[in-house]
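Chain residues, written in single-letter form:
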Amino acid sequence: MDEWKPNPTVKPHKKRSWYLAWKYKLMNQRALRKLCQTGAVLFLLVTVIVNIKLILDTRRAAYEEEEESAQDYDDEMLNVEVPRHPVNNKKVLDVEVYSSRSKVYVAVDGTTVLEDEAREQGRGIHVIVLNQATGHVMAKRVFDTYSPHEDEAMVLFLNMVARGRILIFTIKDEGSFHLKETAKNVLKSLGSQVAPFLSWRDMWTFVGKKGGEVYGEKHAKSPALSTWGDPVLLKTEVHLTSVEDAECHWPDTELNRRRKRFCSKVEGYGSVCSCKDPTPIEFNPDPLKDNKVFDVPVAVIAGNRPNYLYRMLRSLLSAQGVNPQMITVFIDGYYEEPMDVVELFGLSGIQHTPISIKNARVSQHYKASLTATFNLFPDAKFAVVLEEDLDISVDFFSFLSQSIHLLEEDDSLYCISAWNDQGYEHTAEDPSLLYRVETMPGLGWVLRKSLYKDELEPKWPTPEKLWDWDMWMRMPEQRKGRECIIPDISRSYHFGIVGLNMNGYFHEAYFKKHKFNTVPNVQLKNVESLRKDNYETEIHRLLGEAEVLDHSKNPCEDSFVPDTEGRVYVMFIKMEQEADFTTWTQLAKCLHIWDLDVRGNHKGLWRLFRKKNHFLVVGVPASPYSSKKPSSVTPIYMEPPAKEEGAVAVPAVAAAEQT
Amino acid sequence: MQKINRNVVLALLSLTSLVFLLFQLCYYKFYLSQKNGASFSKVRGSQSGQDSTRWHVVRKFLGLISSHNIPVYLIDPLILGLVDKDIEQIRSSPDGPSPECKYFCAPRDFTTFALLDKTWKHEVGLFRTAEKMGFQWLKIINKDPRLDGMDDLSGMEIPLHYIFKLASHAIHVVVFYERSGNFLWHGPLRLKQHMDRKFVPFRKLHFGRYPGAYEKPELLLVSIDDLKVQIPKNPSSFLEEMSHSRFLECRYREARAFFQLYPDDASLDAVEFRKKAKSLLHLSALTLNNLGVKFWLSSGTCLGWYRQCNIIPHSKDVDLGIFIRDYKADIIPAFQKAGLPLKHKFGKVEDSLELSFQGEGDVKLDIFFFYEEDDHIWNGGTQAKSGKKFKYLFPKFTLCWTEFVELKVHVPCETLQYVEANYGPEWKVPVKMWDWKSSPSNVQDNGVWPIDEWDNVIQIY
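Protein sequences appear in the order of chains A and B.
All residue numbers for the first sequence refer to the UniProt record's numbering, where the first residue is 1 and numbers rise by one.
All residue numbers for the second sequence refer to the UniProt record's numbering, where the first residue is 1 and numbers rise by one.
Chain B on its own, in the form it takes in the complex:
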C-alpha cells in the first residue's frame, strides 16, 4: 500500500511540476508580448495591409474630427520617424494609394495628434459623436498657465490633453496653446484624484510627462496608408525639436512671495531700465537665433527669472550663456550689424572667452562662454587692469525652455543648483552691491594671463 501510495504521490507531483512548467512558459510568452506592446494576433493582420486595429481606429478618429471640423496634425514620433525616411516619396505623391500599410499598422498603444487650441473652440457634440462611434474618452484639464503669472486671476481650466480609446488602441490628442513669445505650448498630463489610472498605460505616452515648447510648425497634407493627415512639413526637425522641448514655467507663486517681502521697484528709472533690458534681450535673442546659436539666461538675468519672473531693475546688464562648442566667429559681426557695438572681449576661444556688447542707453549685454568638463561646467572672467583670471564653476546642467518677458528662451533645467552655485544659498535676498570678482560663491582664482597675450585676451573698445 505504502509503495503504491508513494508512486502515486510521485506521479502527481511530477505532473504538477510539468503543469507549472507549461504555465510558466505561457506566462513568459504573454509577458513578453505585453512588453513589446504587440499582440501576436495583430501581426498577422498587418501582412495583408490595412485590417489592423490601429489603422481602423485612426481612420475612425480622423472621420470623427473632420466631421466636427477640428484641424489636427500628426505628431506621433514613431510614425513621423518612419515618414521622415520616405518624406521625398510621400511629398511627391500626395494622393497615390499605398501598396501596403507601413505606418499606421505597426502595433502600438497610442497614436498621437496635436490640436491647435486657437483653431478650435466648439467641443459641443464632439464627445457625444465620439461615444456613438464607440470611443471612450478622457479629458485632462488644468489651470491656464497664461494667467498664472497674474495676480489673483482665476480663469476657467483649459483642456490640455484628450485621449480617445477604441478597442485596444488609443488616440492621444495634445492641445497646443499660443503663448507670448510667439511659440506653442502644451501642458503636462496630470491625473486628478478621481480619474481612472488604468484608462490607458499613461507611461507609454510620448507627450505629457513634462510641458513642452515648440515653434509653430508649417503643415503639409499627405496621404499615408491611404489616410489623409496633416503632418509637420519637416518631420525630422520636429522630432529634433521634440527631443529637447521640455518647458519650465516661471515660479510665479514664489515670485509673488518675493515681492511681498521686497516690494518691486516702481521708480521711473526701474521702468526705463526694464524696458531697455527687455528690448536688448529681444534683439540678442533674434540675433543669436538667426545664427542658430543656442544660448540661455545666465547670472543676474537667470536669477531675475527664477526669483521674481522679471528683470532685476538694479542689475544694469543682461547676461547670456553659450556653450563654447556653439561658438561662431560670426557672433561679433552679427551683433555689430544689429546695432550693438563690441564693448570688450576677454579671453580666447580656447580659454575663458567673454564678450560684452553695448546696448542702448547704458545697458550692457554680457555673453559668457561655458566650458564643459567631466563633472562640471565653468566660465571664465578676466580683470582688465591686472590681467587676473577667474573661474566660475557650475554643476552640469541641461537646457529647458521658458517664457520670459514675452520671449521663448532657454534656462538651465536645474535652475536652483545653477543659481545656488552662482549666488549661494542666500540668493533669495536681493543684494545691490555685487562684485563679480568676489561676491559669487563659485568664483575661483585662475592665475593671470601671460603679459604677451594681453593684447589678444583683453580687448576693450
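Just chain A, with the same shape it has in the complex:
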C-alpha cells in the first residue's frame, strides 16, 4: 500500500497555480468560444481526412479484390505466343540461288531455305515455291531428272502450282539426262531461256513468277562429258505483291476459311486451291444404315508425306459411314505440312516426337498412337488403324460394320483386316467373300482394345529393339494361334511408293496389281460362317464339292485350271510339316502373288481365284484337310531354284506395311 501514497515532496502551491489559470481561462467567454471553434474545426478536418482515407481504402480494397479474383485462375505458365513467322512488311525479297555438282542452296532474305550438300543424294532439279505476297516457302521438291519419268512428275507438279507464285529452280549434279521435250517446254513457258538447251552436267539456276516476269537466270555449260559446269550463283530481287492479290476470293464460309489458310501456306495440292472451281474438302458420303463402327475411333498413322496423307484422307472421308469426329491423325515428327493437311479437312491431329530410328521409330510411333487413341476414346472397344499411304474403299466401314461383331465374340480372332495379301487382279474375284487367315496383313485393320491393353501394350518392343511392329505382332508369342478375317477383294489399296521399306520396283512387283473394291454397299456373304467352328464346316463343305485338278499338269500354266467360271477346284501340294512352305513359295512365285513370306494360309490351306474359279491349295500331309485328297493323287512338289552365290537380294520382307 505504501507505493500508493502521494509523494510528500510535491509542492502544493504549484498545483494550485495551474488550477487557477484554468479557472480563469474558462471564465473568459471569448477564450471559450475560440476554443470550441478550434475544436470543431479540428474535428471537422479530422473527419474529412478520415473520410477521404476511407474512400481511398475501400476503393483500393475493391480494386484488389477484383484483381485477386482472377489470380487463382491465372495460368501458371507464361504463354508468350511467338508468331510462326516474323511479320515482314518488306516489299522486296533478296534471293540467292546456287547450283553446283555437289551442293545447292537457296537463301531468301538471308535465310537459307534449302541447303543440300549430301553426297549421293538430292541429284536433279530442286524446285522451291514461294508465296508471292509473304515470301514464305510453300513447297520444296526435288525431281531426279537424271532418272526416267521424274520429269513427268515435275511437269505435273508445276502445272498444279497456282499462277503468280514465285518459282526457284536449281540443279544439283545432273538434271538433264531424262529431261524430255515436254518438260523443257514447260520450263520455257515459265520464261526460261536456257531450259530448251540444258544438257549433260550443266549447272542452272532460275527464278521466275508463274505466268509472269523472270527475275533471273544463270547457266554454266559443261565443257566436256566427264566434267561438270562451273558452279553458278544467282542473286536477284523479287517484288512482293499485296496479300489480296495472292489470294482467291471464295465465299466466306467456315470451309473456305480452312481452305484459305491451307492454300496460303502450301502448294502442290492441285485443284483444292483453284480459285475458280476448287475441289470440295467436305464430302458428306451417304451414312450407313445400322452402322456398328460409327463410334469406333480411327487412328491414321502418318509421317512426313503430306501429299500421301492428303490423298488418303480424301478417300477416307469419302467412304460411306465415316465419322470424322472419331478420326485422329498421328504425325511422327513436328512437321508442319501434314498438320496443315489435317487442319484443311477439319480433323484432329497429334504430333509425336520421334523416338529411336528406322523401324523402331515407326514401332514407337505406332505404340504412342494406339495408346493415345484408347486414352482419347476410353469407351471404345476397338480401334481402326490406317496408314497414310492407303486408299480406303468406299465400303470400308460397311465391311467392318458387318464383321466387327465377330471380333467381339470370337476369341480365336486376332484382327479384322481390309487387306488380302494374295488378292491381286488375277486372284481375287468376290467382294462379298471373307476368309480366315493365320497371318496378320495390316494395311487397314481393326484392333481389339483388350488385346492391346492386356497383351500388346505392356510388352511392346522397346525403342532400342529395331523391330518392325507388324513382324512383332505376327510372332507366335503375340499371335498365339489366333487368326484374322480378311476380304477376298481388299478394302484398302497401298499406293505408297516412297517409304522406309518401299521403292518403285518393289511397289510395281507386289502392290500395283492389287485388287481394290470400288463397289459400294457390298452385302457380305455368310458372315456367321467365319466363326471358328463354322469355318471348319464351311471348308469341309467347299472341299467336298471341289473338283480335283489334273495333277499331271504344270500348276504354273494357265491351262492347269479349265476355262470355266464359278467352279471350285482343289489342288494338293507337298508340305511335309507345318512350316514347310517350299512348294507353296514356288507356286506363289509363278502365280505372281505374294511370295516373300507365307501369307494368307489357314491350316495349310490357301484360297484364291483363278480364271474366276475358286481355287483351293492344300498342303499334304501337314494340313488337316489332307484327308480330302483322293489316294490316286500325288501332291505336287516344286523345287526351289538352286541357290546361286550372291544371287538376287530379296527386298526386306517386312516391307510394305509400314513404309
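FYI, nobody ran anything at the bench for these hints, they're computed from the structure.
A few of these clues could be false.
Claimed, not checked - Derived contacts from chain A toward chain B, CB cut-off under 8 Å, selection only:
no., residue
1, Val-41
2, Leu-44
3, Val-48
4, Ile-49
5, Pro-251
6, Asp-252
7, Glu-254
8, Ser-348
9, Gln-351
10, Ala-368
11, Thr-371
12, Pro-458
Where a beta carbon is used, it is the ideal one built from N, C-alpha and C, also for glycine.
Given chain A, put chain B in place with the hints provided.
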C-alpha cells in the same frame, strides 16, 4: 470580418462533413449490394415472375444451344439445391407451367451448365450466332490431359470452359471429357496472359478452381420456371459428388524424369506382375465400390502413382487405405465372394485393424484401416510371430480423385506429405529391400498384443 469568416468556414466544413457522411452511406449500400451479388432493382422484377435478367439470359442461351443441337445439362449447385427440395413435384409434372419464377430468378452472377464433349464437336457457327444474339463469349482452352501421360505427344488444345455473357448475367459452360476409368473429367479454369481478367468475377465460379472427376450422370428433362432443361436425375447425389470432386492429375513429367534416372523394368516378370496387380486393383475397386466403402491408394501403390504413375513392379502387393469409420463387416465376405480369400487379419476394429487377401498368382491385397486423432491419422501393424504392434503416423489429409491404371480412385490430396511421412525425404530413390517394421520413417513401436487376445487379433489362413 474575422468572425464572419470563421462562421463561414465552420458552415462550409459542416456541409462538407455532411456530404461525406451521405456519400459514405451510399457507398456502403452500394458495397453491400455488390457483395450479395444482387442489385436491388432486380429484386422487384422477380416478384412478378419472369422478367428477371437472369431468366432471360438463360432462356436465350438455351435457345442458342438448341439451335445448334448442343446437349447441355444444368449443374448449377444453387439451382440444383433448390430443385432438389421440390424434386418430387418437378418430376411428377414435367410440363406444367410454373406459377412463379423460383429457380432462375434469384439474382446471381452465373448459371452453370455442363457439356459432354463427346456429344458435340461442331462449334462452327455457334459463336457467330451467339454474337448476333448479343452474347460476349470467352473460351478457355488447355492441354489435353489424356495425352499428358504419353511420351512427347502434342495434340491440339481442347476447350475446357466457355463463358457466355449477356447484360449482367453470365452462363458458365463446363466441358466434361470421358477418361479411361469410365468417368467424366472437367479441367481447371486458368486464364492465359492476354485474357480479360475482369470479363466476369471468376472467383464466384462454382467450377474451375480445381479439375474435377464425376460419374456419368443419368439425365432428366424437366421444365422449371417454364424453361426446359436437362438436370442430373438425382440432384442431391450430384451435389454430394460435387463437394468432393477435386481431381489430381498424375505427375507425368516427374514420372518421366524418374524413368530417365531409373529405367523401367521391362522384364517379363515385371509385365506379368503389373498385369496381375492391375486386375487385382480393378477387382478390389469394384468390390469396395459396390459396398459403398471409400478407399484410397496407400503405401507402395500410392508411391507408385505419385512417383512413376504406374505400379512399382518390385512391390509385390497392392495397398489400400480405408478410414475405420467406413469399416463394414461385409468387407471380408464380399472379397471372398469376389474370389479373393482372406490371407490374414491383424488387430480388431477398435485397434490396428489390417486385412490381407490373396489375389491371383501371389499378388497380395493389403487393406489398412486408418484411425483419426485430433492432429494426426494412423494405422497399425502387427508382427505375427511376436505379437508386436506397430503404429504408422500420418499428417491429416483429405481425399482427391485420380486416374490410375484405367481406374478412378482416391489418393490423399496432400500426397507429398503422405508419401514423405511413409517413405521419408528419400522417397524418390527406389528401394528394393523394404522391411515394413523398420524401413518406414513413420513407424513407432506400439507395445505387444496381450497373449489372451492373440487368437482374435492374429488370424492367419
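Violated hints - listed by number, lowest first:
Result: hints 4, 5 and 6 break, sorted rising.
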